[in-house]
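Chemist: Between the sequences and the hints, there should be enough to build the whole structure, so can you do that?
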Amino acid sequence: MIIAEKKPIEEIIEEIKDFQRILILGCNECVTVCEAGGKKEVEILASALRMYFINKGNEKKIDEKTLERQCDHEYLEEIRENIDDYDAIVSLACGVGVQFAAEKYLTTPLVPGVNTVCLGANEDRGLWTERCQACGSCVLAKTGGICPVSRCAKRVLNGPCGGSTNGKCELGKDVDCAWQLIIDRLRALGKLDDYEKVAPIKDWSTDRAGGPRTVTREDVKI
Amino acid sequence: MSLNTESKLEKILKAGHLGVTSECGPPRGSDPEGIKEKGKLIKDYVDAVNVTDNQTAMTRMSSLAACIHLKLMGVEPVLQMVTRDRNRIALQSDILGAASFDINNMLCLSGDHQSFGDCAQGQNVHDLDSMQLVQTVRHMRDEGKFLGGDDIKRPPKMFVGAAANPFADPFEIRVPRLAKKIACGAEFIQTQCIYNLDKFEEWMKRVEERGLHEKTFIMAGMTPMKSVGMAKYMKNRVPGMDVPDAIIDRLAGVPKEKQAQEGIDICVEAIQRLKEVKGVSGFHIMAIEWEEKVPEIVERSGLYPRPEV
Ligand code: SF4
Ligand code: SF4
Numbered sequence: 001m002i003i004a005e006k007k008p009i010e011e012i013i014e015e016i017k018d019f020q021r022i023l024i025l026g027c028n029e030c031v032t033v034c035e036a037g038g039k040k041e042v043e044i045l046a047s048a049l050r051m052y053f054i055n056k057g058n059e060k061k062i063d064e065k066t067l068e069r070q071c072d073h074e075y076l077e078e079i080r081e082n083i084d085d086y087d088a089i090v091s092l093a094c095g096v097g098v099q100f101a102a103e104k105y106l107t108t109p110l111v112p113g114v115n116t117v118c119l120g121a122n123e124d125r126g127l128w129t130e131r132c133q134a135c136g137s138c139v140l141a142k143t144g145g146i147c148p149v150s151r152c153a154k155r156v157l158n159g160p161c162g163g164s165t166n167g168k169c170e171l172g173k174d175v176d177c178a179w180q181l182i183i184d185r186l187r188a189l190g191k192l193d194d195y196e197k198v199a200p201i202k203d204w205s206t207d208r209a210g211g212p213r214t215v216t217r218e219d220v221k222i
Numbered sequence: 001m002s003l004n005t006e007s008k009l010e011k012i013l014k015a016g017h018l019g020v021t022s023e024c025g026p027p028r029g030s031d032p033e034g035i036k037e038k039g040k041l042i043k044d045y046v047d048a049v050n051v052t053d054n055q056t057a058m059t060r061m062s063s064l065a066a067c068i069h070l071k072l073m074g075v076e077p078v079l080q081m082v083t084r085d086r087n088r089i090a091l092q093s094d095i096l097g098a099a100s101f102d103i104n105n106m107l108c109l110s111g112d113h114q115s116f117g118d119c120a121q122g123q124n125v126h127d128l129d130s131m132q133l134v135q136t137v138r139h140m141r142d143e144g145k146f147l148g149g150d151d152i153k154r155p156p157k158m159f160v161g162a163a164a165n166p167f168a169d170p171f172e173i174r175v176p177r178l179a180k181k182i183a184c185g186a187e188f189i190q191t192q193c194i195y196n197l198d199k200f201e202e203w204m205k206r207v208e209e210r211g212l213h214e215k216t217f218i219m220a221g222m223t224p225m226k227s228v229g230m231a232k233y234m235k236n237r238v239p240g241m242d243v244p245d246a247i248i249d250r251l252a253g254v255p256k257e258k259q260a261q262e263g264i265d266i267c268v269e270a271i272q273r274l275k276e277v278k279g280v281s282g283f284h285i286m287a288i289e290w291e292e293k294v295p296e297i298v299e300r301s302g303l304y305p306r307p308e309v
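If you read the sequences in order, they're chains H and P. Residue numbers 1 to 222, in our numbering, belong to the letters of the first sequence in order. Residue numbers 1 to 309, in our numbering, belong to the letters of the second sequence in order.
Errors might be hidden in some of the hints.
[As the list claims (entries may be wrong)] Calculated pairs, DSS-like style, for lysine-lysine (alpha carbon to alpha carbon, straight line, at most 25 angstroms):
id, chain 1, residue 1, chain 2, residue 2
1, H, K197, P, K145
2, P, K235, H, K173
3, P, K275, P, K8
4, P, K43, P, K275
5, H, K191, P, K180
6, P, K278, P, K8
7, H, K202, P, K145
8, H, K60, H, K6
9, P, K180, H, K142
10, H, K168, P, K180
11, H, K202, P, K180
12, P, K14, P, K180
13, H, K173, P, K199
14, H, K168, P, K199
15, H, K197, P, K205
16, P, K235, H, K168
17, H, K61, H, K7
18, P, K180, H, K197
19, P, K71, P, K293
Calculated directly from the structure, the hints in this document are not laboratory data.
Modeler: Have a look at this one:
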């Protein structure tokens, strides 16, 4: 899923201080699961903002709503009839949701309430970690199912680099070396010999380098 | 052995001599005098001088420019190139630029992560990795073609090297990793600084068992310790470095003003021991900001005078 984390409230306040009527808009998908932008976080942020502005002697109208998905036309339509009641929307969806809303409601300012961090998983209570950078041509079949693109700090396709120490990345003790994980997994699969196959130079045109990416499926179009 | 390039290092190694290389870091400014001075100090004591490429991710004068300064004064440079800062266009372009000055040696590296340097907020590139860079230079040289497939007029004639760290983890793939670099086309290897001689010898034994020492020239990396403080720093703070306690104890056992000399002695003794190890083709002496000590180390290790080729 997409992992996001809450922006510091000061940053949000700075962006909305000149608006009077504000909608805090959550999303029920990824950002709910990673506890950054679901219904609960919408409530908490809305109360904190109300309190802040009341204390400043500048009470504002701050409403709450959480959509099923913000990256979906159908659900975003739900706010169309009230959109003119607001001077701005603080969206707690990922960057995709924020933009989808911005594209739909052209004259309403959209302020992101979270930083979208990565594609990852909930590894442990309170710990979300990256697993994929959507490079557009997946190499996991060759790397024991562990991704060197997203999990190696140097995207080394023939690793590990010389900095790998005791299973940790040269970045520091908190970061696993992706190549240690790949080798451990190849060993577990009895495929350590595969390590010596050289990974060819990668076609990065399917990655960020190729410009905005699109999937077109004729069979799905109506 | 037939020669692939005009490289002096290649000639010396292929003639069966123990090769000697050293290293210079370009300055953090545009004054070339420092690098020339370093070149002058070590010129007659080594076969070639590696010029580092923004090592530890600190921004410096470009490796290529510094190589040119050395080349113009008659020193044979080894152009170090990291994959951190340039994509395949820039890498190929700089390879051609180097070849236009008849810089005949290259060492392909991935480079330290930028978070260690002065631009921690910068992007890194890593379009290719170090092995793929080796493949790229070999492709340009041997096929005379760009990665994109077009012909190169006057292809670059580079003697191509790579680094190996016998001490990084996991140890079990350290030899397979070397085999992979050789398969990619690495003609010489310069190792990480060696302090744990036993572990290095064990690595070499495994290298030899697979006959890899016959497919590439392995140059043992040597860095003299200036003080016990430096030894502790290397042990604890530098990723992938293996400094045994015995080295630290030995340096700590002499008064502060004698530690530098003790460090040189340790280095000379290590070279003398490793000279006898089968498969060691030479030494890469990296006296970091201490280039004036290279002549002494080379002489005392019995590696002077350097052969004429
Ligand atoms: S190889 Fe690419 S697509 Fe596959 S997990 Fe890694 S980043 Fe994602
Ligand atoms: S230590 Fe491992 S994860 Fe870190 S950069 Fe090197 S190969 Fe990649």
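Chemist: It remains to establish, for every hint, whether it holds in the given structure.
Modeler: Structure-based check of each hint:
1. For the suggested pair K197 (chain H) and K145 (chain P), the alpha carbons sit about 24 angstroms apart, so the restraint of at most 25 angstroms is met.
2. As the CA atoms of K235 (chain P) and K173 (chain H) are separated by approximately 15 angstroms, the hinted pair is consistent with the 25 angstroms bound.
3. For the given pair, K275 (chain P) sits about 21 angstroms from K8 (chain P) by alpha-carbon distance, which is consistent with the 25 angstroms threshold.
4. For the given pair, K43 (chain P) sits about 22 angstroms from K275 (chain P) by alpha-carbon distance, which is consistent with the 25 angstroms threshold.
5. For the hint pairing K191 (chain H) with K180 (chain P), the CA-to-CA distance comes to about 16 angstroms; that is within 25 angstroms, so the pair holds.
6. As the CA atoms of K278 (chain P) and K8 (chain P) are separated by approximately 23 angstroms, the hinted pair is consistent with the 25 angstroms bound.
7. Between K202 (chain H) and K145 (chain P) the alpha-carbon distance is near 18 angstroms, which keeps this suggested pair within the 25 angstroms criterion.
8. For the hint linking K60 (chain H) to K6 (chain H), the alpha-carbon distance of about 21 angstroms falls within 25 angstroms, and the restraint holds.
9. For the suggested pair K180 (chain P) and K142 (chain H), the alpha carbons sit about 15 angstroms apart, so the restraint of at most 25 angstroms is met.
10. This hinted pair checks out: K168 (chain H) and K180 (chain P) have alpha carbons roughly 22 angstroms apart, not beyond 25 angstroms.
11. With a C-alpha separation of about 17 angstroms, the suggested pairing of K202 (chain H) with K180 (chain P) holds against the 25 angstroms cut-off.
12. A distance of roughly 22 angstroms separates the Cα atoms of K14 (chain P) and K180 (chain P); the hinted pair therefore holds under the 25 angstroms criterion.
13. For a cut-off of 25 angstroms, the pair hint linking K173 (chain H) to K199 (chain P) stands: about 23 angstroms separates their Cα positions.
14. For the hint linking K168 (chain H) to K199 (chain P), the alpha-carbon distance of about 20 angstroms falls within 25 angstroms, and the restraint holds.
15. Among the hinted pairs, K197 (chain H) with K205 (chain P) is consistent with the structure: their alpha-carbon atoms are about 23 angstroms apart, no more than 25 angstroms.
16. The straight-line distance between the Cα atoms of K235 (chain P) and K168 (chain H) is roughly 16 angstroms, inside the 25 angstroms bound, and the hint therefore holds.
17. About 21 angstroms separates the Cα atoms of K61 (chain H) and K7 (chain H), which keeps this hinted pair within 25 angstroms; it holds.
18. Between the alpha carbons of K180 (chain P) and K197 (chain H) the distance comes to roughly 8 angstroms, so the proposed pair stays at or under 25 angstroms and holds.
19. For a cut-off of 25 angstroms, the pair hint linking K71 (chain P) to K293 (chain P) stands: about 22 angstroms separates their Cα positions.
Hint compliance for this structure: every hint is met.
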